[in-house]
Structures are given as structure tokens and as C-alpha cells.
Amino acid sequence: MKTIQEIENEIIEEFAIYDDWMDKYAYLIEIGNDLPGMDEVHKTEDNLIQGCQSRVWFHAEMKDGRLWFTADSDAIITKGIAGLLVRVFSGQKPEDIVHADLRFIDEIGLTQHLSPTRSNGLLSMVKQIKMYALAAVAKEQQNQ
Amino acid sequence: MFDVEKVREDFPILQETVYGKRLVYLDNGATTQRPRRVIEKMDEYYYRYNSNVHRGVHYLSNRCTDANEEARAIVRRFIHAASDKEIIFTRGTTEGMNLVAYSFGEAFIGQGDEILVTEMEHHADIVPWQMLCERKGAVLKVVPFRDNGELDMEAFDHLLTERVKMVGVAYVSNVLGTVNPVAEIIAKAHAVGAKVVVDGAQAIQHIPVDVQALDCDFFVFSGHKIYGPTGVGVLYGKEHLLEKMPPWQGGGEMIKEVRFEKTTYNELPFKFEAGTPDFIGIIGLGEALKYVEDLGLREIAAYEHGLLEYAMERVREVPGMRIFGEAAMKSSVISFALGDIHHSDTGILLDKQGIAVRTGQLCAEPTMRHYGVTGMVRASLAMYNTREEIDLLCEGLHKVAKMFGMK
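Chains as they are written, first to last, in the numbering used here: chain R, 1 to 144; chain Y, 1 to 407.
Only chain R is shown next, with the shape it has when bound in the complex (with noise of 0.2 Å):
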């Protein structure tokens, strides 16, 4: 399982190659179109993203001490900003989920995406994942 820290570099490497927005776009769409979804069920109130322009929704499942994320979205360059995050966090730990920077999202330049009233909530995205992670560990610790 590669860590948190070594999927976001690989994230910035990939993009490195395009220094056109479009072609950067053309890229997230591709990963948006490419993202699994999610089952129909999962796509509760609960799960859903408030963001103005599109709806996304997020699921967490916990399975052997570590978070398994599923995503979608009704519009494609979301999903593909859902699927990044998908590909960042699932598998990981809750703990180190917590603690993650999330560096890539500066640098392949998506943090105008990140203040609170853009439209396809990125900011609200990378928030619900880390109190996904929170109660995670806040479980833990109960139990233990």
C-alpha cells in the first residue's frame, strides 16, 4: 500500500506533463469518466456534499483499520476532483488521513477550487473525508 504522501506525488508528476489548462481539464475528465460512482444506495442526504453548482456525494466504509472511499458526481470535473481524493485517501489509515497537507492540491493547481464558495466544493470534499477520518479514530481509541 503506498502512503498518502507518495499518491500525491505521483498525482504531481502526472500533471506536471500538462502546462495547458485545457489539457489539464481533458486530464480530470478523463478521471472523472474513469471513477467507478457509487451504489445507488450510498447516495443518501448523509453522503451528499453541500456545494451550490453540482451535488457530490462521498461514502467512507471502515474495513481492517483502514478507510475505503466510493464518490460521484452529476458533473464530470467534480467526479474527476472526487476520484483524485478517491485515489489519495481510500486504503489509508484514519490517522494519517487526519494528518495529510493534501500539497498535491496546490500544485497542480487546484487551489482556486478550495475556497468555500466555489462551486464544486473541494474545500467541503477534503472536509467531510477528514471528519470521516476523525470519527474513525475517535472509534478506535473507544474501543481500545
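Hints were generated in silico from the structure; no laboratory data involved. Check each hint, because a few of them may be wrong.
[As the list claims (entries may be wrong)] Each computed EDC-like pair below joins lysine to aspartate or glutamate, with the alpha-carbon atoms no more than 20 Å apart:
hint, chain 1, residue 1, chain 2, residue 2
1, Y, Lys402, R, Asp20
2, Y, Lys352, R, Asp106
3, Y, Lys402, R, Asp74
4, Y, Lys402, Y, Asp351
Following the hints, position chain Y against chain R.
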């Protein structure tokens, strides 16, 4: 003769590039840009004359007061109101709407009275009425529109009964671009004793307005949609109605005498202008209206009409294009969907090509519901837009379609 290239030179921001691309600004329905002379006028007042209006005894204050009141006279002239007293400065269209809903509502709306709005209204012409209805036990009724974007006037005739006390209608729909038959609506409303407030936010910059000829009771608009600054707007109201309406905010400026036993209110228009107004914004708005007057709104409208026709024709050619709003009378707004592509995807990819459009629900959720969509892409034109920019928009859309594998 309207010379678009010359007009463009007046707007410094139009020379900007974004992501290394030439800026194509097609989000004028949200806000327009300001010409140099508006920016310079406001700068001049900040640099040389800034001082609070209406109460000073000194030179600077008098200077600002005069300019503030001169702006009021310019507005009066621009919309052909009968008197300066009928021009209330607000923060914008939304505040003007809220002022009417609150203050007219306090004076004239009671249990069981009806307010009539249209299905294509902006939220600013829906929510204040819902709040009023809740306060007073009044009822909000809605005039539907047809799929082509035109109001269903038969339904209007049917809904317009003597129970209706107020009609709220957009002169131009911010989503569909439909130019509504406001003169007819006003005449019919008056025939049953109802008053009419016209939301002029998307009309003031495109259509010459004569509030006396229209005979509307209230007319609201925002400065920033007609090349003026943000944060200032105008409420026009007929004097005899404004006189009977209570103030809606208390404070300085709006009073005549303050005693703890009883306070008396200032006369119009100051009764409705509590607190320090954004007087430099107001002065900027006056300058913007003078600029539009100098160019001539009729000449502007003629140019924009040709541009819209060209744009509709070109945009329609884009494969998978679905345009919302094809009314016979239409102003500078084109809302659309490109195939099945999500509006935010289209918007983001246009943005990266330097093209600024609006996406989402456009503050008109009922209109979205009408068409069963979660949002739209909106290109909205201003007088400084060109056919070349329309071509760039269409090229951009072709590129987006191609990225999504559309033929």
C-alpha cells in the same frame, strides 16, 4: 453612430487577459464593468471631496451633498420620474424590493390579500413577498410562463382578481431574457386596483425606461448593472404612495425631530434613506447614467439587438445546444445547456479559455424547475461585447463539446 470599438476603450478591464487568454466577459447580467470616467469620478471624490452628506456646514460636505443630489436629478431624468422626491437610493434592486414589500406591505396589505408574481422572477422578487405574506396572512400567487419563455397572459388575466393588491414583475427575465409586456400588465393591474412593482435590474441598461409612460407604481434597479458601482441602487415610487408608506429603517437622516415621546420623520426622499448613504457610489452611479445618456440608450439598444440576433443564431449552431428562452421579445441574455454536460463543467472549461459566463440556478430556482434542470449556463451581453466575442464563445463551446466526445 454607436462605435463599439470606441466604447471598449472606455473600459480598462476589457484589456485584461486571464490565464494568458484574452478576456471575453459575458457575465454582464451579474454585473457590468465600469467605464474609466465612473472610476475617475469616484476617485476624484475620494481624493478631494470626501465628507458626509446632508449635515455638514463646511465646503467638502456641501460639495458631496450637491453631487449626491445632482445624481438624484440625473436618475430622475434618466427614468423620466416626475420629481426628485420619487428617487430613493438603496443598496440595490434587492433592497429596493424589500423596502417596497415591507413598507407598502405595512401600509396596504392585510389578511387574505393577494400578491401576484411571475414564475420567472428572480429570488429578490419572490422571497420578500413570501416574508410579507407570512407577516400579514396574505397569499402569494404565481403567473406561469410558457416553454418558449413568454408569460402566460391568459393565466395572468385569470389570476388578476380584485383580491390582488400588488403585482411584482421583471421587465426582463435574468434567465430567459424575455422582455415582459409590463405596460399591459400595469394597465390591467390598475384596472382591478392593484399596484405594480417592476424589477428593472436586467432592463435599465438595455431599454429606455419612462416610468410615467409605463405608469408603474414602483421601479427598482441596481447601479452595477448599468456600468455604475456596486452597492447602490434606486427605488422609484410614485410620490403619493411613498408619502403614505411608513419608513422601514430608523436612524439619522430620515428624521425631522427626535423626542423620546415621539419622533417625526423627514420628508421624501430622505424618509427612506436612514443612515449615511454610499454617497460616493451614488455619485458614481450618476456619472454612469450620464455616460449612457451620452452614448444614447436607443443607439445602444439597436446595437445590442443586432448583437443578440447574431449570438442566438451562432449559439444555436453549436451541436447539442438547448437554449432556454426564445421569446419574440428578448433582451441580452442567452441561457443554455450543452448536451448532457453539467453546467458547471461547461462554465469551468469556458473560464479556462478566458470566457466568463454564469452557471447554476441564476437566483431563479422556479425557472430551473420549470425546465426540470439543476442549473444552466448563461451568457449575458452588454453594449461593449462584439460579434468576435460571440465567435470566441462558440469556438469555446465547440471545444467543450469535443472534450466530452460530442459530435
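So, going through the hints one by one against the coordinates:
1. Y:Lys402 with R:Asp20: holds, 16 Å
2. Y:Lys352 with R:Asp106: holds, 17 Å
3. Y:Lys402 with R:Asp74: Status holds; Cα separation ~19 Å.
4. Y:Lys402 with Y:Asp351: Within the cut-off at roughly 16 Å; holds.
Checked against the numbered hints given earlier, this structure breaks none of them.
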